[in-house]
Each structure stands twice: as C-alpha cells, then as structure tokens.
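J.: Chains as they are written, first to last, in this note's numbering: chain E, 2 to 391; chain L, 137 to 450.
Just so you know, these hints were derived from the structure itself, not from any lab. None of the values given here were measured: they were computed from a predicted structure. Check the hints yourself; a few may be wrong.
What the hints assert, rightly or not - Mimicking DSS-like on lysine-lysine, the simulated pairs with C-alpha atoms at most 27 angstroms apart in a straight line are:
1) K192/E - K225/L
2) K438/L - K338/L
3) K219/E - K186/E
4) K229/L - K186/E
5) K423/L - K298/L
6) K232/L - K192/E
7) K141/L - K338/L
8) K415/L - K397/L
9) K227/L - K192/E
10) K174/L - K186/E
11) K364/L - K423/L
12) K235/E - K186/E
13) K381/E - K300/E
14) K192/E - K278/E
15) K285/E - K311/E
16) K415/L - K395/L
17) K235/E - K219/E
18) K141/L - K226/L
19) K423/L - K438/L
20) K423/L - K393/L
21) K226/L - K192/E
22) K378/E - K278/E
23) K192/E - K397/L
24) K397/L - K186/E
25) K192/E - K222/L
26) K395/L - K364/L
27) K305/E - K342/E
28) K186/E - K222/L
29) K225/L - K186/E
30) K415/L - K398/L
31) K311/E - K300/E
32) K342/E - K286/E
33) K364/L - K298/L
Claimed, not checked - Covered by chain E, per the in silico footprint, the following chain L stretches (three or more residues, Cβ under 8 angstroms):
34) 170-181
35) 185-191
36) 247-257
37) 372-383
38) 401-411
By construction, the Cβ of each residue, glycine as well, lies at the ideal position given by its N, Cα and C atoms.
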Amino acid sequence: MIVARTGNEAMAEAMRQINPDVVAAYPITPATEVVQLFASFVHDGVVTTEFVPAESEHSAISACVGAAAAGARVMTSTASQGLALMHEILFIGAGLRLPMVICLVNRALSSPINIHCDHSDSLASRDSGWIQIFSENTQEAYDSTIMAVKMSEEALLPAMVTTDGFIISHGMERIELVDDAEVPKFLGERKVRYSLLNVEDPITLGALDLQDYYFEHKRSEIDAMNHTLPIIEKVQKEFGDRFGRYYPIIDEFMMDDAEVAVMAMGSTGGTTKVAIKRLREKGKKVGLIRCRIYRPFPKEAMLKTITKAKVLGIMDRADTLSTLGGHLYSECRSILFESNKRPLLKNYIYGLGGRDISIEEIEAVFDDLLMIHKSNKVDKDIVYYGVRGE
Amino acid sequence: MVSLKELAQQEEKFLGGHRGCAGCGATIAARMVLLAAKEPVVVGAATGCLEVISTIYPYTAWNIPYIHSAFENVAATMAGVEAAYKAFKKKGKISKEMRFIAFGGDGGTYDIGLQALSGMIERWHRVLYVCYNNEAYMNTGIQRSSATPYGAHTTTSPAGKKIPGKLQPRKNLTEIVIAHEPVYAAQSTIGYWNDLVTKVRKALDADGPSFINIYSPCRLGWAYTPEKTIAVSRMAVETCVWPLYEYENRRYRITLKPKEKKPVTEFMQMQGRFGHLFKWQNDIPIKEFQAEVDRIWERLLKRSVEGSEITESK
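Chain E with its partners taken away, still in its complex shape:
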C-alpha cells in the first residue's frame, strides 16, 4: 500500500504492525510524536500492547528491560536527552542480552538546548552494545524498524533505528507499507530461552559479577556484537526476498569509478545523491558511501569500500570533543592504519543543532575534495562546515 507518511508516522505504523507485547515510553523534551501516535493505537484497540507511560526515559527503558527479561517483545521511542537519560540502562539491556528496539529520532544534545537534528545522541551511546541503524529516508526508517525486531531477537542484542530529527521525522514522504498481516508472519513469535515468568525453572538475572567472571561475560557480549553483521545481512535479505526492498550494510552510490567520495549517515545520504547526480552530469567522478549499519561497525566491508576512492570527505553530524574530529572520521582513520591503500581524508563536521545542509553545500564539499585530489594535499584535516567564523 502506497501512503504519505512522516518519519514519525511511519515508525508508529511499523510499531502498530509489529504489535509489541510491551511499549514503555516517556515524552522528554524534545518528545517524539511516535509514542503519542502509538498511544492512540493502544486506546483505539488497534494493538494489544501493554503500554507503560513511564515517568521518565530512565524508567521507560528500565521497564523495557524488565519486560524483555520476562520474555516480551518490547519497543520504545525517544530522542536526544531521553536517550542520554537512558544511557545507564542501555548498557544493562545489552549486557543482559535482551532484545528490544528503540525508534530514535536523532536530535542534538544539550547544552545549548536545541531539539533539532544532529547525531550526537545516538553516537554518545555508540559503546553501549546496541545495534545502530541510520535511515536515509522514511521508507528506510519504516522498513528498518520492522527488520530491527528480528535482528535484535536473533542477535540477542538490543537495537536502535534512527531518523534525522525534523528532516525525516516531520517530513512527509511517499512510502510503501507492508500488508498488516505480513509483518507478524515475517517476524514470527519471539523465541525465549530464559524468562523471569518461568517460575518452575527460576533464573537469577543481573548477578554481581566480580573479577573472576565479569571479563568472560563481557567478552561473550563483545563476541555477540562481532557476530551480528551476518545476522543483519540475513534479515535484510529475508526482508528483501519477501517485500522486494533490499538493504545493504553500507549503501554505496556511484562508487564503482568514483575518484572522490563523501561518507555520511542519515538523510544527508539522500541530499548527497542529488549532488552526485548533478556533478556526474558535469563529468565529475564522485560517489557516496552511506554508513547505514553503524553498530556493529562493518570494519572489513568499510575498508574495502573506502579504499575505492582516492579522496574521501567524511561528513560527521556530531563531534567527539576530543581533538579527533567526528566519530566516522576517527573510526575510518583507524581502520585504514594497516591498509597499504589509503585515500586522503578530510573531516567535515556539519549540521549541528539542525543547521541545514543543502545540495549546493555538498557540491562545494565535492569541489573541495576534487581540489585535494588534484593537489594531492589536504590543507586542513578537520573543518567545521557551515559555521560562522570558519
């Protein structure tokens, strides 16, 4: 079915079709519309979900942990400060190996208080053991929300699917919905090995784990993340085979003969594709590498992809405040260390707090990168793009 939906509506539709056992959420500022849309599904009897309108994001994710430990299929939605407030419990959910999904609207972290898009919220929780999927558009956000449930349950790791605040979350797009009946069929029932509600075979969850065991248990969690990419690939293929939309781990656009490439996440991927089409008409060999699956980081595939280009401009919509530039930039530099083929890198920190990034600005980034290609020299490795005084 073809419909017009905002990103928030699309994610809420996905949640309606998933019909989770439990949804617990809280509307921190900035609140996401996803939850209020879903609440109307609950109150209209469209879903059978137990809805827990918690008194904070901290309690919302804590209730998700409890419900997931009881064997439920669990979802929530949040943004920005809400994810920051959940931070402590993100690690606990992952450490307890509990599947659950957050529909995350990427918005800038305070201070200063903002509410508009950047990726500082999800990137601040990159080390929490959650699968992170960045969406380029509404269709992808919708599809990824459905897929994430399956990925999370198979990997026994929680997952967050993100949309760019306002750009995707509030922007209306034409999307194709899967038939209502198809979603439960695609997902099946959650398979539960251990449940708190199995009183005949009681388990102790969240035991105190000291020097003798903590490291082994943490190592097994790391190992789970290390083995999650094949699960993600498998689920993406199953989804494509069933519904006709195939998603890659890394979205490559016109990379086969690209000399110069931009790397980005989220909606900037779409903007960059338009810029590339324009530049290609002028005969410029430019391409895009869109990081779709950010956690686990697709190390080998990413190395293969980025070494196709001679010059790579990495667009980060957040900064690490560490002198090292953005997250993607420092991670890509890291994986290139042992490669004998290394593109020249330049980091563009852009769009913080929802500052718009236009097609023309991305064309200008490509012009800059083409100049670097010509001179074979990077003038400045990290730039703050589109900010006054730079």
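Given the coordinates of chain E, assemble chain L onto it according to the supplied hints.
T.: Below, chain L alone, put in the same frame as chain E:
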C-alpha cells in the same frame, strides 16, 4: 493470623549461604516476606546490600526468578515485568497466578528510586514494593540517606566536633507513598514476624500497587552486636521511633501500640551511631529526636481509627 507452623512448612524462597553479615536485618526481611507469599513470586532488587550479598556469581540465594538492573529503577523494572505478565495473560499465553515484589533499600527507595516508585504506584502496577529500611547506605560505606534519623552518625554525616551527626529528621516515605493512595501501604519490622507476614499477605492480595516499609536494623551501620538485631527492631517499636501501622481502604490503623511508650534514649543507647549524642555539650539533639518521634506518633494516633491490635503469638 499466621501460624509459625504454617510458615515453617513453606519452601524457602530466599536461601542460606548468602554473604549477609551475622545479624543482618535485610536478609531476615527478604526471607520473611517471601515465606508469606502463597502464590509464585518474581522478585526484583535494587542495587544495594541485599542484591550484593545474595547473587555473587556463580551463586544465588534466590530460589525464585530474580532480576537486578540498577540502583534507582527496581520499581520501573518490576513494572515492566508485570506489564509483560499482563500482556501474556491477555493473549492467553500464560494462565498461572503470579505475584511481583520489588526490594529496595532506603537509599534505593527514599532517595534515588523515589521517582520510579511514585510512577509505579500512580500507573497502578500490581507490584508489592518492599523497602528494607536500614536508614543509611550500608552497602557503599554507611553514608547518610534521607531515611537517616536526626543526630545519627554516618560517614557523610559524621559525629564531628562542631556538628553532631545528621541535622535533619527522616523523610517520611510511608506518608509520601500513602499520598498516592495505593491499595495497601504499611510500616512493619522484622522483630514482629506476625505483623510483617500478615501485612505482606494483605499487600500481595491487594489488586493494585502496595508498599511495605520494613525497619531492618543493620548491625554494622547502627553499631551494635549482631545478636541484638531483633531486640533493636522491637525497641524501635516500643519507643515509637518506628510505629507499626497500615493504610488500607483509605484508612489508617496502628497495628501495634506499645503498652508503655518508652523514651527514645532506650532505643538510641543500644546503638553506637547515637553514642556521640550522649557525650554532646547539650541534650538538644536528643530532645529534637524525641520531639520528632512524639510529633509523628501523635499525628498517627489522630489519623488512625481505633482498631484491634495484632497480638503476638509467643
């Protein structure tokens, strides 16, 4: 009325072999609460003494399903467990009757967990929240909490040369909980097992949120010898430092009135945490403590309807 014989025949749900101190009040509270439960129980614990001493991997003292997540969120965690149970019941995936109990110390309840507890009650989750109250952060090194009484020495309200311990009275958490108008709320203590077990049964039968604040002396933090735990607990009741009462059907009832209300000094003198007050330059701190206890007891008398006292079986 509960008979000891009946309790003795229950299967133990909180087992021995844990790392609790000799004379630990919290573990007595946990064991008694669980012995009172007739239905299968799923338990959550906040970070704290009870959690730390009962689950050092690969051991567990819990003979029933148990979850620990973090310090401030046991109420929210158990709300989630209960929500999952309701969802499965609604879908016909589960039919068994179960009860849900959250255990938190006073730090995890009065302080950092207060918001989650408030939310759990307001959203009407059918969870019994048990605060095992030992009036300070005993697990982390005896720091003051908002449950610490006036004048008590803790490591963050030390008995100093200028300041004699904690200068503020206790937060009245039970009254804060009652302000939510839950189905059932009570104060009890481990020294009166029948009072406690009766209240736990009422709380678990309540079709909605319930709360019991269990006075659980800590021999380490209160500084007394381990064999005195029960005696200290009883003295708290006899001095009205810890009144035993319940809130049910929107009415207060004192469940045990001491025959003769003893002065608070009899309670204080049993414990090292108040020792400095007896050597202090004046008797103002002790008088302040007594005045606070009297004020709350008088108010409680006014609020409670005259009810029958629970008699202790000997």
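J.: Now look at each hint and say whether the structure bears it out.
T.: Results for each hint:
no. : hint            : in the structure
1   : K192/E - K225/L : 17 angstroms, holds
2   : K438/L - K338/L : 23 angstroms, holds
3   : K219/E - K186/E : 34 angstroms, violated
4   : K229/L - K186/E : 18 angstroms, holds
5   : K423/L - K298/L : 18 angstroms, holds
6   : K232/L - K192/E : 20 angstroms, holds
7   : K141/L - K338/L : 19 angstroms, holds
8   : K415/L - K397/L : 24 angstroms, holds
9   : K227/L - K192/E : 16 angstroms, holds
10  : K174/L - K186/E : 40 angstroms, violated
11  : K364/L - K423/L : 25 angstroms, holds
12  : K235/E - K186/E : 16 angstroms, holds
13  : K381/E - K300/E : 25 angstroms, holds
14  : K192/E - K278/E : 45 angstroms, violated
15  : K285/E - K311/E : 13 angstroms, holds
16  : K415/L - K395/L : 30 angstroms, violated
17  : K235/E - K219/E : 25 angstroms, holds
18  : K141/L - K226/L : 37 angstroms, violated
19  : K423/L - K438/L : 22 angstroms, holds
20  : K423/L - K393/L : 22 angstroms, holds
21  : K226/L - K192/E : 19 angstroms, holds
22  : K378/E - K278/E : 26 angstroms, holds
23  : K192/E - K397/L : 59 angstroms, violated
24  : K397/L - K186/E : 68 angstroms, violated
25  : K192/E - K222/L : 19 angstroms, holds
26  : K395/L - K364/L : 21 angstroms, holds
27  : K305/E - K342/E : 10 angstroms, holds
28  : K186/E - K222/L : 23 angstroms, holds
29  : K225/L - K186/E : 22 angstroms, holds
30  : K415/L - K398/L : 21 angstroms, holds
31  : K311/E - K300/E : 19 angstroms, holds
32  : K342/E - K286/E : 19 angstroms, holds
33  : K364/L - K298/L : 31 angstroms, violated
34  : 170-181         : holds (count 4)
35  : 185-191         : holds (count 3)
36  : 247-257         : holds (count 4)
37  : 372-383         : violated (count 0)
38  : 401-411         : violated (count 0)
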